[in-house]
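Enquirer: Here is how the chains run, residue by residue.
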Amino acid sequence: MSDGRPAGQLVEYARAGDRSAMREIYRQFAPRIYNFLFRMLGSREEAEDVTQQTFLIALREIGKLRDAGQLESWIYRIARNEVYQRFRRKKIIGPDSEAEEAGKGLLEGRPSANPERALLNRELGQVLRNVLSSLPLRMREAFVLAVVQEMSYKEICQVTGRSLLAVKTDIYRARLSARKELAAYLKKEQTERSER
Amino acid sequence: MNAHVPHKMISEWLDRQCLPGDAIRVERHLDACNECRSVAAELASVNEIFRAAEKPELPPYLWTRIEARLGEENLPARAGTWSDILLPGILTSSRRGLALALSAVLVLAAGIFIARQTFHGRSFDLAMAEIDRAQIALVELHPDGFNPFSRPAGLETGMNPFAVHTMDFDSNPFQSPPDRR
Chain D
1 MSDGRPAGQL
11 VEYARAGDRS
21 AMREIYRQFA
31 PRIYNFLFRM
41 LGSREEAEDV
51 TQQTFLIALR
61 EIGKLRDAGQ
71 LESWIYRIAR
81 NEVYQRFRRK
91 KIIGPDSEAE
101 EAGKGLLEGR
111 PSANPERALL
121 NRELGQVLRN
131 VLSSLPLRMR
141 EAFVLAVVQE
151 MSYKEICQVT
161 GRSLLAVKTD
171 IYRARLSARK
181 ELAAYLKKEQ
191 TERSER
Chain B
1 MNAHVPHKMI
11 SEWLDRQCLP
21 GDAIRVERHL
31 DACNECRSVA
41 AELASVNEIF
51 RAAEKPELPP
61 YLWTRIEARL
71 GEENLPARAG
81 TWSDILLPGI
91 LTSSRRGLAL
101 ALSAVLVLAA
111 GIFIARQTFH
121 GRSFDLAMAE
131 IDRAQIALVE
141 LHPDGFNPFS
151 RPAGLETGMN
161 PFAVHTMDFD
171 SNPFQSPPDR
181 R
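Quick mapping for you: the protein sequence lines, in order, are chains D and B. For the first sequence, this note's numbering puts the final residue at 196, and the numbers step up evenly by one. For the second sequence, this note's numbering puts the final residue at 181, and the numbers step up evenly by one.
Covered stretches of chain B, going by a simulated chain D footprint (3 or more residues, C-beta under 8 Å):
id, stretch
1, 36-49
2, 60-71
Straight-line Cα separation of at most 25 Å, BS3-like style, residue types lysine-lysine; simulated pairs:
id, chain 1, residue 1, chain 2, residue 2
3, B, K8, D, K180
4, B, K8, D, K154
5, B, K55, D, K180
I should point out that these hints are in silico values taken from the structure, not numbers from a laboratory. We put the CB at the ideal spot given by N, CA and C, even for glycine.
Construct the entire structure; sequences and hints are all you get.
Expert: Here it is, written out as structure tokens:
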């Protein structure tokens, strides 16, 4: 997983322009950042673009990072800011239909050998996408960070810059909303199974 | 039966973010209350569905694209600094200050050396010019315009022009004039 270098040393070397240290930072954090962005944006293409942008900013600005121990939450903050900027632009320009189309199916991964499973994945993916897109942005990010990324509430506060109370409330509300949406899906699935 | 625990606290308990005292309270209540247990199970199923969802794979070409962009932006692109290669792990940030101080001292010493050399050369030139002026003044003082500093005929260049080989009193400007009484 890691090349053995602690975060502090990686940051120091990356600041000096060491490309291998930059690559190691990317290797350690990019999979989680990409997953976070994928859940936030609902599209692989957009998640790819924003992941690229996030790491370009992070590696370019790494000299500004004061505490190397905060590297991960710092990269998350950059990613989050990029998401907010993208949504602000979308508000101005209008919804990106291409991205909407590409975003269909949050669970779409590698082609499945089992077509039935693939269908279920696609369907569930659509449901999860609907659940997340129905949440306000700040609630969505708190929910994704807590449930998908399994971050502690303290870390979520650091990333989002919000109070612990606000974070707790957002996660709870998002969870209630997701329960409601998923209950309908699970009920439908159970009915279909019993009919088969 | 105990009063219900707030559902928000159940949500925190599911994320393992409750205070230890609250966690015990939630667990005890869930053991005794079917209604809250059902709520906890539903909320937990939300977590499970999202966590079980297939994670998207990071595109393998993404780093290549980022690296290319970094190159275009002229970020320092080194496999490692000279110190990483020659002194791996030695030139840490704490020692970097010492290295900088040593460099400053070396630059200062070099500056002083060059300044001294320049000053010396200039002093020598000034002294020679002063000697030339004194010689010219002495020659001009002599009534016959005799130049005691001119080289005698046949004297090889490179020899000491001040060495007196044959000098009579008449041609010595430093001797008092003979008594002509």
